[in-house]
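2 protein chains.
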Amino acid sequence: MTHWEDFYNTHLPPADFEDNRSLLKEFCERHNKLQNRIVLVTSGGTTVPLEHNTVRFVDNFSAGTRGSASAEYFLDHDYAVIFMHRHKSLEPFTRHFTGQQFFDMLDIADNSQSSTIAIKPDSVDVFAPVLAKYKIARETQMILYVNFTSVVDYMWLLRAACECLAAFEERAVLYLAAAVSDFYIPEDMMHRPSPVALLKSKLKFHFVRSQNFSPTHKMQSGDGAPTISLQLVPKMLAPLASLWVPHAFVVSFKLETDENLLIVKARDSLNKYKHKLVIANVLQTRKHRVVFVTPTDSYELHLSREQALQGLEIEEPIVADVVQKHGDFISSAEQRQ
Amino acid sequence: MTHWEDFYNTHLPPADFEDNRSLLKEFCERHNKLQNRIVLVTSGGTTVPLEHNTVRFVDNFSAGTRGSASAEYFLDHDYAVIFMHRHKSLEPFTRHFTGQQFFDMLDIADNSQSSTIAIKPDSVDVFAPVLAKYKIARETQMILYVNFTSVVDYMWLLRAACECLAAFEERAVLYLAAAVSDFYIPEDMMHRPSPVALLKSKLKFHFVRSQNFSPTHKMQSGDGAPTISLQLVPKMLAPLASLWVPHAFVVSFKLETDENLLIVKARDSLNKYKHKLVIANVLQTRKHRVVFVTPTDSYELHLSREQALQGLEIEEPIVADVVQKHGDFISSAEQRQ
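From first to last, the protein sequence lines are chains A and B.
Counting in the working numbering, the first sequence runs from 1 upward without gaps.
Counting in the working numbering, the second sequence runs from 1 upward without gaps.
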């Protein structure tokens with residue numbers, strides 16, 4: 001696995017990086033002065049480009065449901081929210097309606113002078129509370145949106161956000177709900193022309209991943225086909241929890257397809273990175289059941305059938321529980337001082 | 001390369017296939033009775049799942065700009081439009097506004113009795129014409145939306161649409177703007193647990209693609225790492241143009257990164273599939289320049305700087321040209337009868 005420092009040394013920041021860093025800095029400084037609690041919510045999947053011009057990439061599927069819903073509930077608890085999300089993934093508030101749903105809610109009225117367009121009366125009841133919350137969050141500047149696409153973008157933004165969050169010490173929550181790729185293709189392994197163009201012209205083609213980086217010629221298979229190394233992405237949770245925001249309340253997520261591995265793997269992660277909480281879930285049941293795993297405890301949180309039918313989202317009790325734990329964490333830190 | 005019939009024999013249709021087929025059938029029968037012209041617009045990229053539970057996939061990048069804009073212009077020319085698009089890619093009309101743009105255009109007014117929500121007066125001028133066109137297209141049932149995600153979904157929908165379009169004979173246009181993957185991973189080559197989970201546990205891992213399908217054991221590299229075959233997707237343009245809709249006006253798109261290959265490759269495609277038109281473009285300049293390549297001719301179509309600044313979209317002249325060619329094509333078919 002690449003060491004995390006090497007990763008930043010060998011990958012350039014995205015083009016909009018300095019703009020985002022300024023936004024993060026301004027947002028954090030303002031809320032730190034106000035002594036607000038703050039949460040970084042990461043959301044959506046990352047891409048791994050397969051070629052320089054980035055027509056093709058490997059994607060981790062994530063619509064961003066967990067992150068975008070959670071961001072809304074953190075706002076309800078008066079947290080300042082940095083919503084760091086995959087470009088085009090779901091966003092707080094707007095997530096409730098698709099483009100066509102918006103259009104279908106609208107009526108046009110023409111009079112002699114001009115047109116007016118209004119939300120149909122029967123949609124106002126559903127729409128007004130969502131719109132009102134959105135407007136308040138924007139007007140009070142309690143939410144900042146920053147976005148990423150590739151795993152490299154994500155890594156740069158994550159570190160920049162941590163640099164700004166460090167000053168909050170215990171008042172910061174990191175809520176790392178994004179689905180980050182495990183691997184990437186190093187810059188010098190990306191082909192021009194694209195690997196897929198090569199695919200068409202050769203009998204055989206290998207994507208090769210080795211634990212230790214090996215030079216290309218060693219990767220060649222016997223038949224002379226070109227090869228590409230897939231490298232494991234460094235686990236940023238390690239420097240994040242120990243160096244970047246050592247005082248913050250760090251929450252990671254673990255998505256498994258095997259129920260039996262859930263708690264074991266969550267516990268492994270806590271032992272390795274020494275952070276505060278893993279929220280573990282199984283792919284198929286993640287919308288109504290999660291397991292909270294702390295260094296000392298583990299327990300399930302789930303929606304009943306009635307709650308789900310009433311439209312309750314599991315992110316509401318998840319966030320309430322995290323906020324409760326975060327409050328306790330701040331109190332005990334204050335008592336130690 | 002897999003033969004196209006084998007592809008359908010070895011890949012199940014998507015879960016919503018029969019629903020979509022019924023919709024296509026109803027839509028086509030209605031418009032065929034009305035003697036309307038019809039266009040199938042395909043739009044957006046396809047995915048290739050890397051594992052059964054589909055957390056990770058390879059994606060072809062395409063926002064769906066070309067297809068969604070073109071669909072609007074075909075409606076302007078009184079075509080019935082089947083808009084067959086990648087789930088969550090851009091759609092006609094709604095493509096002009098993101099979720100936050102919608103929210104920011106709206107004002108809430110509260111009086112003692114109830115709330116009303118209306119589009120701000122300064123946004124009405126921009127929004128009203130788009131909304132009005134959307135409403136007309138829906139009310140007159142001139143547009144049908146069907147969507148796909150994976151390349152397998154796409155293949156099934158494409159054939160089903162063609163089966164319904166055949167009855168239109170010369171009155172049908174196929175406008176194949178979707179970015180379809182060149183390769184796929186056969187069902188029996190997808191791993192459980194996921195290949196990426198295996199990645200983590202093994203020193204080496206190969207994605208292998210062979211022109212001729214080979215059994216797994218032959219694909220194993222010397223060190224015992226698991227392998228996955230990537231197969232070339234059959235070129236559906238072959239059965240489509242010669243068997244499924246032999247009388248239709250078929251337009252394909254060619255996206256290249258190398259300007260010099262543009263016309264040569266477009267001409268190759270026309271020679272091979274015997275369809276009517278290739279619209280060729282280079283990735284970097286595709287928003288303001290395309291090349292029309294017919295069996296006898298090739299010419300450029302581009303936006304001037306002023307046109308681009310005025311907000312003209314290149315899809316407007318592209319569609320106007322296709323509609324013109326399609327009209328000529330119908331006339332000459334009628335003269336032959």
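Just so you know, these hints were derived from the structure itself, not from any lab.
Among the hints, erroneous ones may be present.
Claimed, not checked - No more than 25 angstroms apart at the CA atoms, straight line, and that leaves these computed lysine-lysine pairs for DSS-like:
#	chain 1	residue 1	chain 2	residue 2
1	A	LYS120	A	LYS33
2	A	LYS120	A	LYS133
3	A	LYS133	B	LYS120
4	B	LYS265	B	LYS235
5	A	LYS135	A	LYS120
6	B	LYS235	B	LYS254
7	A	LYS325	A	LYS274
8	B	LYS325	B	LYS88
9	A	LYS120	B	LYS133
10	B	LYS287	B	LYS276
11	A	LYS135	B	LYS276
12	B	LYS254	B	LYS325
13	B	LYS135	A	LYS120
14	A	LYS133	A	LYS33
15	A	LYS88	B	LYS33
16	B	LYS120	B	LYS135
17	A	LYS287	B	LYS88
18	B	LYS88	A	LYS88
19	B	LYS265	B	LYS276
20	B	LYS120	B	LYS33
21	A	LYS274	A	LYS254
22	A	LYS120	B	LYS120
23	A	LYS287	A	LYS254
24	B	LYS88	B	LYS133
What the hints assert, rightly or not - With the C-beta cut set under 8 angstroms, the calculated list includes, among others, these residues of chain B facing chain A:
#	residue
25	TYR8
26	ASN9
27	PHE57
28	ASN60
29	PHE93
30	SER112
31	GLN113
32	ILE117
33	TYR134
34	ILE136
35	LEU301
As the list claims (entries may be wrong) - Facing chain A, a subset of chain B residues (Cβ under 7 angstroms, in silico):
#	residue
36	PHE103
37	PRO239
38	LYS254
Predicted, not measured: the structure shown is a model, and the values here were computed from it.
Ideal Cβ positions, reconstructed from N, Cα and C, are used throughout, including at glycine.
Hint check: 8 angstroms Cβ-Cβ cutoff, TYR134/B to chain A = holds (5 angstroms)
Given hint LYS120/B paired with LYS120/A - CA-CA distance at most 25 angstroms = holds (15 angstroms)
inquiry  = The hint names TYR8/B as touching chain A; please verify it with the least Cβ-Cβ distance against 8 angstroms.
reply    = Since chain A brings no Cβ nearer than about 22 angstroms to TYR8/B, farther than 8 angstroms, the hint is violated.
task = For the pair we were handed, LYS88/B and LYS88/A, check the Cα-Cα distance against 25 angstroms.
result = Cα-Cα ~9 angstroms, so holds.
request  = Below or equal to 25 angstroms on CA atoms is what counts here, so check LYS325/A against LYS274/A.
outcome  = holds (16 angstroms)
task = Hold the hint about SER112/B up to the distance rule: shortest CB distance to chain A must be less than 8 angstroms.
result = This interface hint is violated because 15 angstroms lies over the 8 angstroms limit.
inquiry  = What's the verdict on LYS120/A and LYS133/A, does the C-alpha distance respect the 25 angstroms limit or exceed it?
reply    = holds (19 angstroms)
inquiry  = What's the verdict on LYS325/B and LYS88/B, does the C-alpha distance respect the 25 angstroms limit or exceed it?
reply    = Distance of about 31 angstroms is beyond 25 angstroms: violated.
query = Under the criterion of a CB-CB separation shorter than 8 angstroms, is PHE93/B in contact with chain A as hinted?
reply = holds (7 angstroms)
ask   = Would the pair LYS287/A and LYS254/A pass a check requiring their Cα atoms to be no farther apart than 25 angstroms?
value = holds (14 angstroms)
key: ILE136/B as chain A interface residue, shortest Cβ-Cβ below 8 angstroms   = Violated. Min distance 11 angstroms.
query = Does the alpha-carbon distance linking LYS133/A and LYS120/B stay inside the 25 angstroms limit?
reply = holds (18 angstroms)
Of the numbered hints listed earlier, those contradicted by the structure are 1, 8, 11, 15, 20, 25, 26, 30, 31, 34, 35, 37 and 38.
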